[in-house]
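J.: So you can see what is in the structure, the chains are spelled out below.
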Amino acid sequence: MAGTLIGDGVTVEGEVMAEEEVVVQGTLRGRLSSTDAVSVGGSGVVEADVTGTTLSIAGQVTGDVNASERVDLQAGGRLIGDVRAARLTIADGASFKGNVDMEV
Amino acid sequence: MAAGTVIGPGTVIRGNLRGNGGIEILGKIEGDVNVEGDVVLGQSSAVKGRVSGVHVTLAGAVQGDVQGSEAVLVERGARVVGDLIAPRIGIAGGALVRGQVRTEGEAGLPPARIGLQGRIHASVVQPRISHTEARPAAARPPVEAAASAASNPAQSAAEKTQRPAERQAPPPVVPVLGKGARARKKNKTRG
Numbered sequence: 087m088a089g090t091l092i093g094d095g096v097t098v099e100g101e102v103m104a105e106e107e108v109v110v111q112g113t114l115r116g117r118l119s120s121t122d123a124v125s126v127g128g129s130g131v132v133e134a135d136v137t138g139t140t141l142s143i144a145g146q147v148t149g150d151v152n153a154s155e156r157v158d159l160q161a162g163g164r165l166i167g168d169v170r171a172a173r174l175t176i177a178d179g180a181s182f183k184g185n186v187d188m189e190v
Numbered sequence: 297m298a299a300g301t302v303i304g305p306g307t308v309i310r311g312n313l314r315g316n317g318g319i320e321i322l323g324k325i326e327g328d329v330n331v332e333g334d335v336v337l338g339q340s341s342a343v344k345g346r347v348s349g350v351h352v353t354l355a356g357a358v359q360g361d362v363q364g365s366e367a368v369l370v371e372r373g374a375r376v377v378g379d380l381i382a383p384r385i386g387i388a389g390g391a392l393v394r395g396q397v398r399t400e401g402e403a404g405l406p407p408a409r410i411g412l413q414g415r416i417h418a419s420v421v422q423p424r425i426s427h428t429e430a431r432p433a434a435a436r437p438p439v440e441a442a443a444s445a446a447s448n449p450a451q452s453a454a455e456k457t458q459r460p461a462e463r464q465a466p467p468p469v470v471p472v473l474g475k476g477a478r479a480r481k482k483n484k485t486r487g
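Read top to bottom, the protein sequences are chains A and B.
If you're matching positions, the first sequence starts at 87 in this note's numbering and goes up one per residue.
If you're matching positions, the second sequence starts at 297 in this note's numbering and goes up one per residue.
These are computed hints drawn from the structure, not numbers from a lab.
Heads up, the beta-carbon is just placed ideally off N, CA and C, and yes, glycines get one too.
Do not rely on the hints blindly, as some may be mistaken.
Claimed, not checked - Some residues of chain A that are not near chain B, with every Cβ distance over 12 Å (derived):
no.	residue
1	Val108
2	Gly116
3	Thr121
4	Gly162
5	Gly167
6	Arg170
7	Ala172
8	Arg173
9	Ile176
10	Asp178
11	Gly179
12	Phe182
Unchecked claim - Non-contacting residues of chain B with respect to chain A, defined by C-beta distances greater than 12 Å in every case (computed):
no.	residue
13	Arg310
14	Gln339
15	His351
16	Ala357
17	Asp361
18	Gly373
19	Lys475
20	Gly476
21	Arg478
Unchecked claim - Listed next, with one range per pair, are the computed distances between beta-carbon atoms:
no.	chain 1	residue 1	chain 2	residue 2	range
22	A	Val190	B	Arg372	31 to 41 Å
23	B	Gln396	A	Met188	54 to 64 Å
24	A	Met188	B	Gly401	55 to 65 Å
Take the sequences, apply the hints, and build the full model.
T.: Structure representation (structure tokens):
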């Protein structure tokens, strides 16, 4: 897999800037920005503002989310924060608290 | 390293990274890396901060101390400015190390190699990366490097003791005046 994977059991505290896909299965506190897709796995915990092209959330995200293409909040995923994206899907069983701005 | 952590070549992290499990770093980190697992720093990696893990393999650039609870292996092409601390330390030919090397801790070693410590001076290490491969001086096997590290402080101590003990000041220059010369002069000016 090309890209960055923050595995289960690993904690990153600080700013992550990537020009590639980022997968978070561990914990990330700070800020996360990528020029590619970002996904937060089921075990992932992100306490940060997240920027990416497409964002898929199956774990927990606390922070504002900004995606140039789309945000997919999957079943079991939990998002607390504002969403700014062209498209947003929220699956049945996901929890979400925040505002949505869909740039019409 | 299927479930382990990978920091890709296009990723920059400003902050600390800790946890357990193996980690492979191909990108840049400005901060400390502290994991209870194996650490691999790829050729494209650059870390500014302390790196500690169980078995640390370096092929990239590190500015900071590197500590391995089992081993630290510095591969060809790696550039380390900082101390290396581990029970087992390997430095490959073509690697660049500037800092202290300490083989300490326990890892079932032959006792002779435990306790070798000292400073590798800049003379061993060439700061110009592009030329390192052509230099045989950098191509020391780890044991030899460790041995020279051990002998170096002894040398510098010897140099200190051989320095001329007390440099004496030159004797003062006193104008030679014969007995009664001043009196004669005095009389001359008076008269």
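J.: List in ascending order the numbers of the hints, as given earlier, that are violated by the structure.
T.: The structure breaks hints 1, 2, 3, 13 and 22; every other hint is satisfied.
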